[in-house]
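Peer 1: Heads up: the sequence lines are chains A and B, in that order.
Mapping the first sequence onto our numbering, position 19 (from 1) lands on 28, and the numbers just tick up by one.
Mapping the second sequence onto our numbering, position 45 (from 1) lands on 46, and the numbers just tick up by one.
Hint data in this document are derived by calculation from the structure and do not stem from the laboratory.
This one's a predicted model, so the numbers in the text were calculated from it and none came from an experiment.
Treat each hint with caution, since some may be false.
[As the list claims (entries may be wrong)] In silico DSS-like pairs for lysine-lysine, Cα to Cα no more than 30 Å straight-line:
(1) B:LYS66 <-> A:LYS140
(2) A:LYS11 <-> A:LYS140
(3) A:LYS140 <-> B:LYS111
(4) A:LYS220 <-> A:LYS140
(5) A:LYS12 <-> A:LYS140
(6) B:LYS106 <-> A:LYS320
(7) B:LYS98 <-> B:LYS66
(8) A:LYS172 <-> A:LYS11
(9) A:LYS12 <-> A:LYS320
(10) A:LYS220 <-> A:LYS348
(11) A:LYS11 <-> A:LYS220
(12) B:LYS106 <-> A:LYS12
(13) B:LYS111 <-> A:LYS320
(14) B:LYS98 <-> B:LYS111
(15) B:LYS66 <-> B:LYS106
(16) B:LYS66 <-> A:LYS320
(17) A:LYS320 <-> B:LYS98
(18) B:LYS66 <-> B:LYS111
[As the list claims (entries may be wrong)] What the simulated footprint calls covered on chain B by chain A, stretch by stretch (three residues with Cβ under 8 Å from a Cβ of chain A suffice, anywhere in the stretch; the number is not a length):
(19) 75-85
(20) 107-113
Beta carbons: idealized from backbone N, C-alpha and C, even for Gly.
Each chain, written out:
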Amino acid sequence: MKKAIEIALGIVTSVGGFLEIGSITTAAQAGALFQFRLVWAIILGGVCITFLVEQSGRLSAVSGHTVPDAIRERFGFNYFLFLLVVLAAVTLLVLGAEIGGVCVALEMATGVSFQWWAIPVAFMMWLIIWKGTFSVIEDGTAILGLVTLCFIVGAIVMHPPWKQVAVGALPTLPAHDRLRYWFIAVSILGASVSPYLMFFYSSGAIEDDWKEDYINVNRVIAVSGMSFGTCISVAVLVLAAMVFLPRGIQVEHYSQLALILRDAFGRWGFWLFISSLFVACLGAAMEITLQLSYMVAQGFGWNWSKNQRPKDEARFSLTYTVFIILGALLVVVGIDPLKLTIFSMALTAATLPVAIVPFLFLMNDEEYVEEHTNGWIGNVAVIAIITLAFVLAVVTIPLEIFGGG
Amino acid sequence: MDLARDCLDTQLVDLNCRHMGRVDGIVIEIEDGEQPRVAFVESGVVTQAERLHPRLGRLAARLAKRWGVAESDPYRIPWAEVTPTGVNVTVGVEAEKTPAFAWEKWLRAKIIGRIPGA
Chain A
10 MKKAIEIALG
20 IVTSVGGFLE
30 IGSITTAAQA
40 GALFQFRLVW
50 AIILGGVCIT
60 FLVEQSGRLS
70 AVSGHTVPDA
80 IRERFGFNYF
90 LFLLVVLAAV
100 TLLVLGAEIG
110 GVCVALEMAT
120 GVSFQWWAIP
130 VAFMMWLIIW
140 KGTFSVIEDG
150 TAILGLVTLC
160 FIVGAIVMHP
170 PWKQVAVGAL
180 PTLPAHDRLR
190 YWFIAVSILG
200 ASVSPYLMFF
210 YSSGAIEDDW
220 KEDYINVNRV
230 IAVSGMSFGT
240 CISVAVLVLA
250 AMVFLPRGIQ
260 VEHYSQLALI
270 LRDAFGRWGF
280 WLFISSLFVA
290 CLGAAMEITL
300 QLSYMVAQGF
310 GWNWSKNQRP
320 KDEARFSLTY
330 TVFIILGALL
340 VVVGIDPLKL
350 TIFSMALTAA
360 TLPVAIVPFL
370 FLMNDEEYVE
380 EHTNGWIGNV
390 AVIAIITLAF
400 VLAVVTIPLE
410 IFGGG
Chain B
2 MDLARDCLDT
12 QLVDLNCRHM
22 GRVDGIVIEI
32 EDGEQPRVAF
42 VESGVVTQAE
52 RLHPRLGRLA
62 ARLAKRWGVA
72 ESDPYRIPWA
82 EVTPTGVNVT
92 VGVEAEKTPA
102 FAWEKWLRAK
112 IIGRIPGA
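Throw the hints in and build the complete structure from the sequences for me.
Peer 2: Below, the structure is given as structure tokens:
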């Protein structure tokens, strides 16, 4: 019975926490420009993150290590520091994008420019982390995050041509804007396959004291949570294809995104979108902040449990405070949140191998996962998708920046 | 025991299971005509910097001497007090009373502890 509740809660957490600024924006741009042609990228990203999340949960349950902790132990201090610097740099951009998303939601609701909201939002995030325990933060944002299910309802209400949506699950090249097509595919992969998600999941497994008998619980949570989550992303794409494409809207500004649920729900659609954006980005921003700080604390061997008082883990508390300030600064200086989002997602895809390759070594090391090492399907799937994302990112990011298209 | 695999970079915990840094270095003493002997494990920024580059290590040592709050950096733990316990390496001390917690205590006293609700 206890495990059934844990499974239910775990799935809710994964679903409620799945959507964030990156997946909303990239899916919406994909739908607006290429109709259903990029559904395959979302599915591919979903499959990959399912494998990775399942594996990181298994690693933690069997070995008692979180992923960053095991990487430091197995690959030494120097590699850990390299990983930390690379991931922190990219993840800070993502954090800025998420905080930007929260601020944009507030701008849409009030009319006050998003930059003004950065500091109040940062302070609110800090206060919740300062005061809250791990389960309050995780479960709270997850349950509120279920509002994002409105995208699925919206997509169904719009009666899309499901056959065409299904055809989009197989990659086909568009006749126009090919560079843009591949670049958005990379951003989609970067938005779904984010290392912070799997690291956070593994920290959660340790916080919740998972042991070897949780392997099946972990598998059910990872597979169902990530599949439902992927469905929400597909729904966003479908909605964008139905709403934006016929009107020629290319989603170059967030204010355009607010229309996405208008056709499905009328006036309510506007408010549903704003609350989804607000909750999804706020939840993601807090998870990212916590994960970055967990990574620092785990790598250097400090106390990091979110269930202790701030003064009992002063270094950890200082770390998340600094990360929140840095993330908010990106918004205060007025970087366009939409551009920041798209580029930070593509950059994430480019840095994936740095985090995932050592992780795969751990998943095949009996010192850590005993007899529960990866099967070949898990290894091959992850390597193939990561390679694809990396190659696409290295090719398309310079072309996007220097306007080669 | 395999020193590099089972001990280096492992989590250090004290008697009360508080995390107190990681095994950043291992000091081995070699004397003429005798077997090499593991003397200490080391933990701290200076050892970490040393691992990146010796010059960085010297710089970190100078900075730590000038502005550091720990009475000794790196913190050296005699091998006799160290017990590998599976996931962690347990040290027979109380973390709060060691240099490993010097920065933690400094931050708690000067910054974090002064914020309401800490």
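Peer 1: State for each hint whether it applies.
Peer 2: Hint-by-hint comparison with the structure:
no.: 1; hint: B:LYS66 <-> A:LYS140; verdict: violated (36 Å)
no.: 2; hint: A:LYS11 <-> A:LYS140; verdict: holds (27 Å)
no.: 3; hint: A:LYS140 <-> B:LYS111; verdict: holds (20 Å)
no.: 4; hint: A:LYS220 <-> A:LYS140; verdict: holds (28 Å)
no.: 5; hint: A:LYS12 <-> A:LYS140; verdict: holds (28 Å)
no.: 6; hint: B:LYS106 <-> A:LYS320; verdict: holds (9 Å)
no.: 7; hint: B:LYS98 <-> B:LYS66; verdict: holds (19 Å)
no.: 8; hint: A:LYS172 <-> A:LYS11; verdict: violated (41 Å)
no.: 9; hint: A:LYS12 <-> A:LYS320; verdict: violated (33 Å)
no.: 10; hint: A:LYS220 <-> A:LYS348; verdict: violated (42 Å)
no.: 11; hint: A:LYS11 <-> A:LYS220; verdict: holds (14 Å)
no.: 12; hint: B:LYS106 <-> A:LYS12; verdict: violated (39 Å)
no.: 13; hint: B:LYS111 <-> A:LYS320; verdict: holds (11 Å)
no.: 14; hint: B:LYS98 <-> B:LYS111; verdict: holds (18 Å)
no.: 15; hint: B:LYS66 <-> B:LYS106; verdict: holds (18 Å)
no.: 16; hint: B:LYS66 <-> A:LYS320; verdict: holds (26 Å)
no.: 17; hint: A:LYS320 <-> B:LYS98; verdict: holds (16 Å)
no.: 18; hint: B:LYS66 <-> B:LYS111; verdict: holds (20 Å)
no.: 19; hint: 75-85; verdict: violated (count 0)
no.: 20; hint: 107-113; verdict: holds (count 4)
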